[in-house]
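Colleague: Chain by chain, the residues:
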Amino acid sequence: MSALDPRVIVLALAVCFAGPVLRAEPEAASGAGRELFVARCTICHSIDYVEMHARFGTRALWEAEVAKMRNAFKAPVTDDEAREIIAYLEQQYGPQRTIDSSSMSKTSVAPGRITGGDPRSP
Amino acid sequence: MLLRMNKVISTRSEVAGHRISRRALSAGLALIAGATMLGQSVRAAVREAMATLPGKSPALRRLTHRPPNYETPLEFFRSVITPNEVFFVRYHHPIIPQVEIADYRLEVGGPAIEQARSFTLEELRRDFPATEVTAVCQCSGNRRGFFDPPVPGLQWGHGAMGNARWRGVRLADLLASAGVKTGAVEVSFDAADAAPLEGTPDFVKSLPMAKALHPDTLLAYEMNGEPLPQANGFPVRLVVPGWTATYWIKHVNRVAVLDAPERSWWMSTAYRMPRALFPLIERFASQETAERAPVTEIAVNSLVTSMTADGVLIAGRSPISGIAWDAGHGIDRVEVSFDRGKSWRRCELAEDPGRYSFRLWRTDMPTLPAGRHELWVRAANRAGQTQVEQAIANPAGYQHNAYHRVPVEVRI
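Chains as they are written, first to last, in the numbering used here: chain A, 1 to 122; chain B, 1001 to 1412.
Isolated chain A, as found in the complex (with noise of 0.2 angstroms):
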């Protein structure tokens, strides 16, 4: 990549005024139990890896989940938070809420059925 690249320069930009406002990731729905979902979960993963899971995002589903990152990779998550933490998920990202555009990043849509081709093409 040379130096006189237009994405060198941008990234380079990108460096220099990297910090809450220009993070790329997305950020989480607002609601009770945000903080602690945040600062558990967010160690490991973007917020995306949740997103993509909204459109089936069951009670039961946010339970398994929850409990596959307790228990096979040990997220520090006592009881009482994983209670609050699915509380959180189930409210802010099940197939029941009709989730605010702005906070959705626009990657996580789902590919939909296999009818009809690739359905997430342009």
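These are computed hints drawn from the structure, not numbers from a lab. Treat the hints with care, since some could be wrong.
[As the list claims (entries may be wrong)] Short derived list, chain A residues pointing at chain B, Cβ under 8 angstroms:
(1) E27
(2) S30
(3) C44
(4) D48
(5) Y49
(6) L61
(7) E63
(8) N71
(9) A72
[Stated by the list, open to error] Not close to chain B: a few residues of chain A, all C-beta gaps over 12 angstroms, as computed:
(10) E25
(11) G31
(12) A32
(13) G33
(14) R34
(15) E35
(16) E65
(17) A75
(18) D80
(19) A82
(20) R83
(21) I86
(22) E90
(23) Q91
(24) Q96
[Claimed, not checked] Over the 10 angstroms line for every Cβ pair with chain A, so calculated as not near, a few chain B residues:
(25) T1134
(26) G1183
(27) D1259
(28) M1365
Backbone N, C-alpha and C define an ideal beta-carbon position, used for all residues, glycine too.
Given the coordinates of chain A, work out where chain B should sit on it, guided by the hints.
Modeller: Leaving out everything else, chain B in the frame of chain A:
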């Protein structure tokens, strides 16, 4: 709580901001001095640039930021070889160091090795014959997003795969140079990437001896004639032709020959399927239990790639073409149906670029009555395996190989 805090911080900047050369940085700083245009548009551009991985095209479709997971849009599968800059990216852990060539060492050891050895990249290139293989690298969970009912996990479309020319050293040659003891059972692989929490299982995978010693199994340092892109495993990755990408360890730095099966979580629990659902030809017996077996071979599969940007084939205007691939048994035939599977017609297969490669196919559009139709495509291999009409449901959503179905419009 044990946190690899310094690593987390450094990786966040590496994953999001990437490595910037000093020259580039001063160019950027000079620009900033005169940058009166630092409005919303620049911020948006910066945001977009930060969202792209080093050496990768913004055309890649991002599923997740951290760990980074990106898929290849379908239009890039119109050619046999998938270009490096649009080759998919899949990571389990967010701490991804940029390995410096000068610091790189590949350690070869383990209880079933006679003489543990360590190699620099230069030694790998200089001391062992280079071998090249064209092979599809496909995530076990490719197309998971199409399962109905949905299955949790990365919601991939068609693009968690790619086909490349891999060049490197035969794993068999490397192991022979260190001496493999009788009683060797598996070869395991570890890499430079890591999880932020100490308790998270490290991503360690293993291969049975037969696959590890197969002459097509490589430790590759080149991809399509260039050094591996950082996001595809620089400087060295394992290439396991015919098997799913879970075994293709990136940034590999430790190879261990074992006298007992590998027990990492990623072998013992993850990447397994109910045995009865998927009869396998190349099995991984030392990892099988009565109920479950590791995912091994890539299921026979195919894809239509000649749709318009809207994902539609237009009769009389769109050619009908695509790709087919399998685990290396060889594509026997590709067929299309315009009447939802009542009748099938054979497609022309292009020249075979190699048993593990994508293979192009094409056919002509038949005369169809006006209106909307649906094209189905299916491939079969020389081992007698065919694609399935409905994807076979399994707990982790692996091996989706249902017929690709594409709307066809007849426009008068």
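Colleague: All hints are to be evaluated individually against the structure, with a verdict given for each.
Modeller: Here's how the hints hold up against the structure:
{"no.": "1", "hint": "E27", "verdict": "violated, 12 angstroms"}
{"no.": "2", "hint": "S30", "verdict": "violated, 20 angstroms"}
{"no.": "3", "hint": "C44", "verdict": "holds, 5 angstroms"}
{"no.": "4", "hint": "D48", "verdict": "holds, 5 angstroms"}
{"no.": "5", "hint": "Y49", "verdict": "holds, 5 angstroms"}
{"no.": "6", "hint": "L61", "verdict": "holds, 6 angstroms"}
{"no.": "7", "hint": "E63", "verdict": "violated, 12 angstroms"}
{"no.": "8", "hint": "N71", "verdict": "violated, 10 angstroms"}
{"no.": "9", "hint": "A72", "verdict": "holds, 6 angstroms"}
{"no.": "10", "hint": "E25", "verdict": "violated, 5 angstroms"}
{"no.": "11", "hint": "G31", "verdict": "holds, 21 angstroms"}
{"no.": "12", "hint": "A32", "verdict": "holds, 23 angstroms"}
{"no.": "13", "hint": "G33", "verdict": "holds, 19 angstroms"}
{"no.": "14", "hint": "R34", "verdict": "holds, 18 angstroms"}
{"no.": "15", "hint": "E35", "verdict": "holds, 16 angstroms"}
{"no.": "16", "hint": "E65", "verdict": "violated, 6 angstroms"}
{"no.": "17", "hint": "A75", "verdict": "violated, 7 angstroms"}
{"no.": "18", "hint": "D80", "verdict": "holds, 16 angstroms"}
{"no.": "19", "hint": "A82", "verdict": "holds, 15 angstroms"}
{"no.": "20", "hint": "R83", "verdict": "holds, 19 angstroms"}
{"no.": "21", "hint": "I86", "verdict": "holds, 14 angstroms"}
{"no.": "22", "hint": "E90", "verdict": "holds, 14 angstroms"}
{"no.": "23", "hint": "Q91", "verdict": "holds, 18 angstroms"}
{"no.": "24", "hint": "Q96", "verdict": "holds, 15 angstroms"}
{"no.": "25", "hint": "T1134", "verdict": "holds, 24 angstroms"}
{"no.": "26", "hint": "G1183", "verdict": "holds, 31 angstroms"}
{"no.": "27", "hint": "D1259", "verdict": "holds, 27 angstroms"}
{"no.": "28", "hint": "M1365", "verdict": "holds, 16 angstroms"}
Violation of the numbered hints given earlier is confined to hints 1, 2, 7, 8, 10, 16, 17; the remaining hints are satisfied by the structure.
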